Structures are given as structure tokens and as C-alpha cells.
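2 protein chains.
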Amino acid sequence: MGTAEEQFRNLQIVCEQLAEVVKMGYGLAITHGNGPQVGDLSLQQELAKNIVPPQPLDVLGAMTQGQIGYMIQQSLGNSLRKIGIEAPVVTVLTQVVVDPNDPAFRDPTKPIGPFYDEEEAKRASEERGFFIKEVGGLGAKRFRRVVPSPEPKRVVERDAVRKLLELGFIVISAGGGGIPVIAEDGRLRGVEAVIDKDLASEILAESINADALMFLTDVDAVRLNYGKANEMKIGRISAYEMERYYEEGHFPPGSMGPKVLAAIRFVRRTGNKAIITSFEKTIDALEGKAGTIICG
Amino acid sequence: MGTAEEQFRNLQIVCEQLAEVVKMGYGLAITHGNGPQVGDLSLQQELAKNIVPPQPLDVLGAMTQGQIGYMIQQSLGNSLRKIGIEAPVVTVLTQVVVDPNDPAFRDPTKPIGPFYDEEEAKRASEERGFFIKEVGGLGAKRFRRVVPSPEPKRVVERDAVRKLLELGFIVISAGGGGIPVIAEDGRLRGVEAVIDKDLASEILAESINADALMFLTDVDAVRLNYGKANEMKIGRISAYEMERYYEEGHFPPGSMGPKVLAAIRFVRRTGNKAIITSFEKTIDALEGKAGTIICG
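Quick note, the sequences are listed as chains A and B, same order. Position one of the first sequence corresponds to residue 1 (this note's numbering), numbered consecutively onward. Position one of the second sequence corresponds to residue 1 (this note's numbering), numbered consecutively onward.
No lab work stands behind these hints, which were simulated from the structure alone. No experiment lies behind these values; they were computed from the predicted model shown. Errors might be hidden in some of the hints.
Each pair may be met inside one copy or between any two copies, as identical chains are not told apart.
[Said to hold, decoys possible] Computed cross-link-like contacts, BS3-like style, restricted to lysine-lysine with a CA-CA straight-line distance of at most 25 angstroms:
1. LYS163 to LYS23
2. LYS82 to LYS110
3. LYS233 to LYS82
4. LYS133 to LYS273
5. LYS82 to LYS153
6. LYS141 to LYS228
7. LYS141 to LYS110
8. LYS23 to LYS82
9. LYS49 to LYS233
10. LYS110 to LYS133
With the hints as constraints, model all of the structure from the sequences given.
Take a look at the structure:
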């Protein structure tokens, strides 16, 4: 994932856009992914495992919320002050409840951490109890740990996020999809899983009564027939139509799929709009001049 | 620092005490150290440094705020529900401003990370720009990285902490003394330093107008002539008297010293009381029946 310096530099570009959104008068609840960071962190933990006990995935998720939350909090604060806005930015650590009976727990699919050869894979499975799957690639067989990716049900700290937003804070939360926890006998307990960040963002957006759910990604708009001769950009579209395309398999599960699914859910459940666009087009999309805008 | 399981188990004992404090009707702002965690984390980062770029100390501090904040947040929430209290617990990532002209930056003293032999020490100094000091010990020479420990000046996120407390949240913040940042040209920037957690807790306590500042540690009360024949427990004491003992060198810099100093500062600056006691005596000390209680 590169050095902290590089990450701060990349963040600055994004935060300057977000600062403009705040300048337009919007309140902001920010979520973020943690794929590269949690990957690096689990790699470091594995390499040092004979000296320091590796932490479980819920704790690693919490660590990346600290890491990335801090970076966004500081960068966005700086970008805001640069354009004369004194809006406080704050990160709230976030647990997200999942259902222990979620079928995902019986079929772990999400790859995480280092690649193993056959022997390492066997050892990781025996010693650590990891689920291991063979992953594609030419040449020698390669293996990787896979973990469950259950559906997010509820953001535990939603009241804190909501109150802080009402008071004018810009709030960073639900990072990396949230720390996955299950509730049993009135107790919360972390689980070895990862929650899809887009679906968790949707749950958060619902619980704070967001006016819009916006996904900022690498492309300016969602495409049909992506990469083919008849590729077509989607602009304004109904949730109904979008769902049809989703079911036709237009959007790959690893990238655009979850964003489209989360957008459809948000529009269906709240009647408000969802937007998918690139960082560069954030302002244009909010003004209805760019991006894919999914409405009721 | 042991496995996450062990840490959760240790935390449970502490959190059951804290839950009783909440039951008594107190609002709670919780801070915590991060010594073992940031030590382990920097060890892991160093061991993997040829594969993943190590993160700087401010980022590592943020990661431990995530890690420990999550654990306390979940444990305390569970302990509260167990005794029938539905109080929300939330962790706020916290940056603490230090002065770039603090003399500590010219004289790093706080050891951190792994021990080195002479050659490793030389390499760490050349390749990473670390300040290295020889550390005590019989036999072969051993070295360790030392970093500055500047005075905390201001908690950046103090408003969020204060507002959440006013709304009835239990707030975890300023973990590990806070993420050290300097302000230059209106921008915040992380620095390679660690802030004393006790002094940072004092700054936080001031800025949230705390009625009392309480340090929970391994001993039930502060001692004069600790470990000697004339050892004496300190009960209720004025800040003036405590300062005299502090200046006479009764309290070692690595352990009780900063707590006593922070307690004196808090009492002097606010007129409110400070308490130093053990986890086990939390309730007794709040009722004035145990611990060292420093008053104006």
C-alpha cells in the first residue's frame, strides 16, 4: 500500500474534493475501504507470529479504522482550513453486527493475507484453523486464506454518528465495512470475517437518514457491457431498471457489483438517491451533471 | 502483550469496575496507555520492512487507538448491559498538538521498539534515521531507538469528546497519549514522537471540565519512600504538599512520576480533585475510602 507519505499525498487530492462538498453546505458522513491496509497488516502479523501473537481479524479491522480514520481526519481538516472552513472532523470506531446464522459463515469466500504454497497452506490450516482455498494463476498452485463476508445488519455506534452529524461534525465511520461482531446473550463479540464496505455504508446511510448515498470510485459512471464494443455509460436511472441490469450480471462482484447493489437497496429502502461516480466528478455529480444517479 | 483473547479477559475485570462507576451516576471519559501494543506493532513492522513499508509513529499510535479503543468499547458495553445499563460507549480518534520547539525534540528519551546489537543499531540509525541509545544491561551492549516525548498542549478533537459526554455517551479518547501532531501554517502534521499518556489525560480532563481526574494503576495508593523501611501510604493530600514530595524525587519517572505530576497540574489548574488508586479500589476511592486523593 506504499508509505504513509504517499498515502497522505493521495488522500490530499480526495480531501480537497470533499472540502468543496462541505463548502456547498452538505453534511458529510465518510466511510472507507481497508483492503490494502488489512492485507499488509495481516502479512506483518504472520511474519512476526513466532515473536508476537497475531491479532484476529476484528482487531485488525479496528486497527485499520484507526490508521485510515486518522489520515482522513487530519487531511480533510487541513483541506477545510485551507479554504477557510473550520469544520471539525472526527473518527468514530464502528462495530457492525452480523447474523451468526448468515450462510457466509458456512462458505468463506473473501481472500485475505499472504499467498501460500501447498505446504504453507496446509500448515496455516492446521496451526491457525484458517480456511484455505486454491486461487487462480498459471504455474505452481497457490493458496490463500478465505474468510466469511456476512451481510451487515446494524451499526452499533449509529447514535454517536448521528448526533455528531446533527451537531455539525464531519464523521468518519464504518471503515473497512465496520468491525464484524455478533450479538449473543446480550454480549457483542468480534468474529473472523470481513463485511463488504459498500453494503455497510448503505446500512449506515439508512440509520443516519442520509439524503444521498454517494460512492466515489475510479470511474466517472457505471457502464453496461463494460469493456465491450457496445459499452454504454449509465446516467440517471431508476432503481427498478438498475436492478434488472444487476441481475443480468453487468457488474462484476469484486468491484462495481456491491456498489450497485448497495445503491439499489438504499433507494428502495429510503426513497432517496444514490450516486456512483469518480472523485474528480464529485461536485458535478452532486449538481446532477455527471455520474450514475439512481432514483426511486 | 499476549493474545487478543487474554487481553479481552483482562479487560473484563477492569470494565466490570468501570460499569459500577457508571451505575453510581458518573459520566466517564476513558483514556488508556498503548506501550505494549505500539511496541509489538513496531516490532512487527520492522520484521516485515523488506515487504511492507513500516508506518511512522503517529500512524502506529492511531492504529493502537483503534485496537485498544475497540476492545474497551466492546468490553465495557458488555459489562454495562450485564448489569442492566444501556449506556453507549464510543471511541473518538484523538490527535494531540505538541510544540515543534519543545526541547524534547532535541533530546529524545523514550525507548521504543526492538532491542538492537551494535551493528543493527548502526544500520537502523543510517537507514531509518532513528535516534539510537545504548540501554542498560549486563553482558553484550544493547541498543534501542529513542523518540521525543514532548508536552501535550491541546486535544484537537476535544469538542467532539465534550459534546458526546454531554449527550450521555461514555467516551474513550486520547489513547496512548494521543496521536502527536504539530500545527504549521494552519495544517496539522503527525510527528515521530510519543506523548506521555498521564499528561495527555490531564489536558483532556481540563478541556472537558472533568470534576475529577482518576488514575487507575497497579497499586492502591501512592507511597513515600517506596520499597524502603519507612515506606508510607499517602491518603488525602494537598497539591502543595504533593508537589514538595514530587520535587524531592519520591516518584520514579517511568511509573508513578507522570501520574503524580498530572494530578498536581489538574488540581492546580482546575481546583478539582485528582485520585490515584488501583482498579480494585475504584469505587472505594470515589467514595473517599481508599487511594491517594489530591485536593486544592
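Practice task
Tell me, please, which holds for LYS49 and LYS233 at an alpha-carbon limit of 25 angstroms: within, between, both or neither?
Solution key: Neither: 47 angstroms inside a copy, 43 angstroms across copies.
Problem - Up to 25 angstroms CA-CA - LYS110 versus LYS141, copy category - result: Intra 18 angstroms, inter 47 angstroms, cutoff 25 angstroms: intra-copy only.
Exercise for the section: Check LYS23 against LYS82 for me: Cα-Cα at most 25 angstroms, and say if that holds within a copy, between copies, both or neither. Expected result: within (12 angstroms within a copy, 45 angstroms between copies)
Exercise for the section: Pop the pair LYS133 and LYS273 into one bin, within, between, both or neither, using alpha-carbon distances up to 25 angstroms. Expected result: This pair counts as neither: shortest intra-copy Cα distance 38 angstroms, inter-copy 58 angstroms.
Practice task
Have a look at LYS233 and LYS82 and pick one of within, between, both or neither, based on CA distance no larger than 25 angstroms.
Solution key: neither (35 angstroms within a copy, 53 angstroms between copies)
Problem - Same-copy or cross-copy closeness of LYS82 to LYS153 [CA-CA at most 25 angstroms] - result: Result: close only across copies, 22 angstroms inter versus 38 angstroms intra.
Practice task
Have a look at LYS82 and LYS110 and pick one of within, between, both or neither, based on CA distance no larger than 25 angstroms.
Solution key: Cα proximity of LYS82 and LYS110: none, with 40 angstroms in one copy and 34 angstroms across.
Handout entry: Alpha-carbon proximity between LYS110 and LYS133, which holds within one copy, between copies, both or neither at 25 angstroms
Key = Within one copy only: 10 angstroms inside a chain, 44 angstroms across chains, cut-off 25 angstroms.
Handout entry: Homo-oligomer pair classification [LYS228, LYS141; C-alpha up to 25 angstroms]
Key = neither (31 angstroms within a copy, 66 angstroms between copies)
Practice task
With 25 angstroms as the alpha-carbon cut-off, assign the pair LYS163 and LYS23 to within, between, both or neither.
Solution key: both (21 angstroms within a copy, 23 angstroms between copies)
When the structure is compared with the earlier hints, violations turn up for hints 2, 3, 4, 6 and 9 and for no others.
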